[in-house]
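*Asks:* These are the residues of each chain, in order.
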Amino acid sequence: MTQVTTVDVLVIGGGTAGPMAAIKARQKNPNLKVMLLEKANVKRSGAISMGMDGLNNAVIPGYATPEQYVREITVANDGIVNQKTLFAYANNSYAMIEELDSWGVKFEKDENGDYAVRKVHHVGTYVLPMPEGHDVKKVLYRKLKQNRVIITNRLVATRILLDGEGKVAGALSFDCRSGEYNVIRAKAVILSTGAAGRLGLPASGYLFGTYENPTNAGDGYSMAYHAGAELSGIECFQINPLIKDYNGPACAYVTGPMGGYTANAKGERFIESDYWSGQMMQEFYEELAGGKGPVFLKVNHLAEETITNIETILHGNERPSRGRFHEGRGTDYRKDMVEMHISEIGLCSGHSASGVWVNERAETTVPGLYAAGDLACVPHNYMLGAFVYGRLAGESAAEYCAATQLGEVDEVQVEAERQRIFAPLAREHGLPPSQVEYKLRRLVNDYLQPPKVTKRMEIGLARFEEIRADIQNIVASNPHELMRAAEVRFILDCAEMAARASLFRTESRWGLYHQRQDYPEQVNDEWRVHVQVKKGADGRMTLFKRALEPYLVEPQEAEKFIYQHLRIRPETVPE
Amino acid sequence: MTHTIDFPVKVNLESCIADKGCTVCIDVCPLDVLAIDPATGKATMKYDECWYCLPCEKDCPTQAIRVDIPYLLR
Amino acid sequence: MNTELLSLLPLPLATRLIDADATVRRIALIDLLDEIDPEEAESYLVSALADPAAEVRLEAARQLEAQDSPEVVTGLLGALQDEAREVREAAALSLSAVKNAAIGTLLLQHATHSDAEVRTAIFRALRELRLPAAEAPAIYALADTHASVRREAVAVLGWLKTSAALPQLVALAGSDSDAEVRRAAIGALGFASDAATLPALEKALTDTDWLVREEAATVAGKLGLRELVPALIAALQDSFWQVRLKAARSLGRLKDDRAVTPLVESLTHTMSNLRKEVALALGEIANPAAAAGLEVVLDDPDTDVRKAARLAYGRIASQLN
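Chains as they are written, first to last, in our numbering: chain E, 2 to 576; chain P, 13 to 86; chain D, 22 to 342.
Treat the hints loosely; a few may be bogus.
To be verified - Simulated DEER-style distance windows between Cβ atoms:
1. P:E26 / E:N479: 26 to 34 Å
2. P:S27 / E:A404: 50 to 58 Å
3. E:K293 / D:A312: 27 to 35 Å
4. E:N32 / D:S184: 44 to 52 Å
5. D:L341 / E:N310: 37 to 45 Å
6. E:P368 / D:L341: 54 to 62 Å
7. D:S184 / E:P368: 51 to 59 Å
8. D:D215 / P:S27: 52 to 60 Å
9. D:S184 / E:N148: 39 to 47 Å
Said to hold, decoys possible - In silico BS3-like pairs for lysine-lysine, Cα to Cα no more than 25 Å straight-line:
10. E:K110 / D:K243
11. E:K535 / E:K546
12. D:K182 / D:K243
13. E:K29 / D:K120
14. E:K168 / E:K535
15. E:K146 / D:K120
16. E:K440 / P:K58
It is worth saying that the hints were derived from the structure and are not from the lab. Here a beta-carbon is modelled for each residue, glycine too, at the ideal position from N, C-alpha and C.
Could you build the full structure based on these sequences and the hints that come with them?
*Replies:* Structural data, given as structure tokens:
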């Protein structure tokens, strides 16, 4: 059974950036047919399925300027940024907050209805709490319906369709319940499938105990790659400080403004870096493994009223089962510190910098293909960045549609993909997807988890090739398992990209995110460049350097000094 | 003798109204692990792939669901 | 359910909406928005607010969240008096998400309703609409016998930033029996750099409730009232370090040299959060007199204190150069 649908704009991924992209495409041109395709259900999908407890990169007039923000992110990401894309975020950040506010998304305000912006970082002021931010998805769903976006749930997109000229012609997908094959023809496709969150294996060994929503298996990274798009900064992994075993965020941005902090076993703060970055994770890693470790979230010095407030927010937003986890362990915020550790690796530009290369209009390097959110390479973008880039992608795609004809569909590609995707259903015996996934992700931990070592990563690549062969033996007994089988391929593509990009950049940068034991120094002469990954004409993975665009604002020497100062312990400050 | 395995998502069969057409929890699960149990007509956890994210529990119109932290993490 | 409406629906949903089993009707309401356009769904939901079964009315009230046509708002206002508590609560919550200022007049007609729950919900919903017409009813409600109503009325006036309400807000901040109302009233003064607010803020800095004192310390900094520096300096001795922290934050914003010596004294407090805030404030004031005190915390055991001290020290040094 093959279903063929034709639309103007197809948005793949209905979490954060995707709904915004779909709404903005419709608002830009109400004559367009816009479809939002979601692997789960748009009502509760993606990274913010249970809401969000705050913004940590709000650029609000009177508190921060776009120039200040761009300078700070440039320094925080060790210089490897396309400032035009950062400005496109920063200049549109406040308007997006205002628009979300008018839609009903709740930001913290004081008793005058002014945004209650909090100072957490030492230089800029960017934190806007959302103590009642649990209904973001409900608000988005309402807007999707009002704007007459066509919603399809439970479709797993697997490949982007290209026409003879190499421009986008649609996407291929299947229904994870009925198993129906879906061909969706479109003039433009927007990828907003989120992070590659199922890359490393959590320390608990539980496949779905990930930091990111485990639905996000890196689908879009893989689809963009096979469509011939450039990906960038893949070697700048995502690693997060999390509540141990629970593997969810301890939310320093919630507890920080209220007085909580990350501490060592002595209850002392130890993080020098001012911004959530690889540098911060490096310090975390060292403390965790050092004599003063492990590491804890400390709130037990706060007043009862404050702790109750923290519990209400943390146990009601983003990952509300936190409270249940603590209860099971007998942990009480009033008395105990909460043990933390660092996560398995992932790819996520929202937190670090690894993603599909986009310009300031959310265009990828493939005509008609756009990207937004955690999978689009705009460093440290977070939720608000996903919304801003969703808007940019939706508007850019709508404009593109006006001047574009629907591309021809290559029937050979459609048939080949059908065979590839459905093969596990036809096999009579073989490997279960869960076991192949477990082994693959265990290998990711063994060979890619930083600190990175050349020989280890080379062995990893060889083992990944064996997994590629094993995939030809995966069996699935129903469309649900078929979805898991498809996801194993996405994960494998991401693992290979992560290894090759890491091997290519023969220096260390971004703290723990790209710490190479055998190339421990940062080498600015050679490596102040983007590292790009792309599928070559021969079908093999190619890597190359892309020069930095000239900076629009130069980080001032004095600021660099302040930043370096925020990273160096006093006893090592040269006199 | 048959054993049943203790899954994270627990459905109270008394209050679940899936047999009357409700599919809220099944719809909202990001990992699509819930389904109607043909034997009872009620919701049940079909795949052991829970992210303990709680939309099923929060959105259930009759509060029939309780999600426990998966054993491996407890 | 109106049969004329039903003829427009795809059949299965239409039959479920009038099923004899209330639970089936309820589930049909949940599915409504997935299957038809929101404007259409609205009329079905409004008529379901009058369903004989409470569970159906509850679901209707929930599903009408943030829908703000006059029909919906009228329906929800009626549901605020439903016999079932959960229906009333759901209606109040749905009303509070209304964003359409045009329905404000409708809400205001019920501002003196006999039921305190209704009055609370109305003022809660009016807050975000920022209607000038809400001013007089909100001022009137500041004398309500129910603290929850007074608290919401304070918010309406604070969001309106109207100076007409200042005398009443000042009075409430000093004398209300409910600490949360006093705190909200102090917060609501945060728009008025008016001499009239000074005594209220000064008094609130010595309120019996620490959350009121904390709010007052924050507002003093927001307003930039230098006259409050002595009171803020006194607040640096508060028995709650949280209040001292907000006082330090505000003294930093005010950049007043009188605060330097008292702030330096707080640099040795046991709570590192406070030491950090004090060091930051000293950096903002950047008075050389703080240099010796800051030197002591340059190797504080807490990194954030060290960072703040280094930044402050650097600023003072650059001023000297």
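*Asks:* Evaluate each hint against the coordinates.
*Replies:* Right, here's what the structure says about each hint:
In this structure, P:E26 and E:N479 meet the distance hint of 26 to 34 Å, their C-beta atoms being roughly 30 Å apart. Checked against the hint of 50 to 58 Å, the pair P:S27 and E:A404 passes, with Cβ atoms roughly 55 Å apart. Between E:K293 and D:A312 the C-beta distance comes to about 30 Å, which sits within the given range of 27 to 35 Å. Taking 44 to 52 Å as the suggested C-beta distance range, the pair E:N32 and D:S184 conforms, at roughly 49 Å.
Restraint check, D:L341 to E:N310: a C-beta distance of roughly 42 Å satisfies the suggested window 37 to 45 Å. Take E:P368 and D:L341: their Cβ atoms lie about 59 Å apart, and the range 54 to 62 Å holds. Against the hinted window of 51 to 59 Å, the Cβ-Cβ separation of D:S184 and E:P368 comes to about 58 Å, which satisfies the hint. A hinted range of 52 to 60 Å for the beta carbons of D:D215 and P:S27 is consistent with their spacing of about 56 Å.
As the Cβ distance of D:S184 to E:N148 is approximately 40 Å, the hint placing it in 39 to 47 Å holds. In summary, the hint linking E:K110 to D:K243 is supported, as the alpha carbons are separated by about 13 Å, within the 25 Å threshold. A distance of roughly 11 Å separates the Cα atoms of E:K535 and E:K546; the hinted pair therefore holds under the 25 Å criterion. Taken as a hint, the D:K182 and D:K243 pair is honoured in the structure, with Cα atoms around 14 Å apart against an allowance of 25 Å.
Distance hint between E:K29 and D:K120 is fulfilled; the C-alpha atoms sit about 23 Å from each other, no more than 25 Å. As the CA atoms of E:K168 and E:K535 are separated by approximately 16 Å, the hinted pair is consistent with the 25 Å bound. A threshold of 25 Å between alpha carbons decides the hint, and for E:K146 with D:K120 the separation of about 17 Å falls inside it, so the pair holds. The straight-line distance between the Cα atoms of E:K440 and P:K58 is roughly 23 Å, inside the 25 Å bound, and the hint therefore holds.
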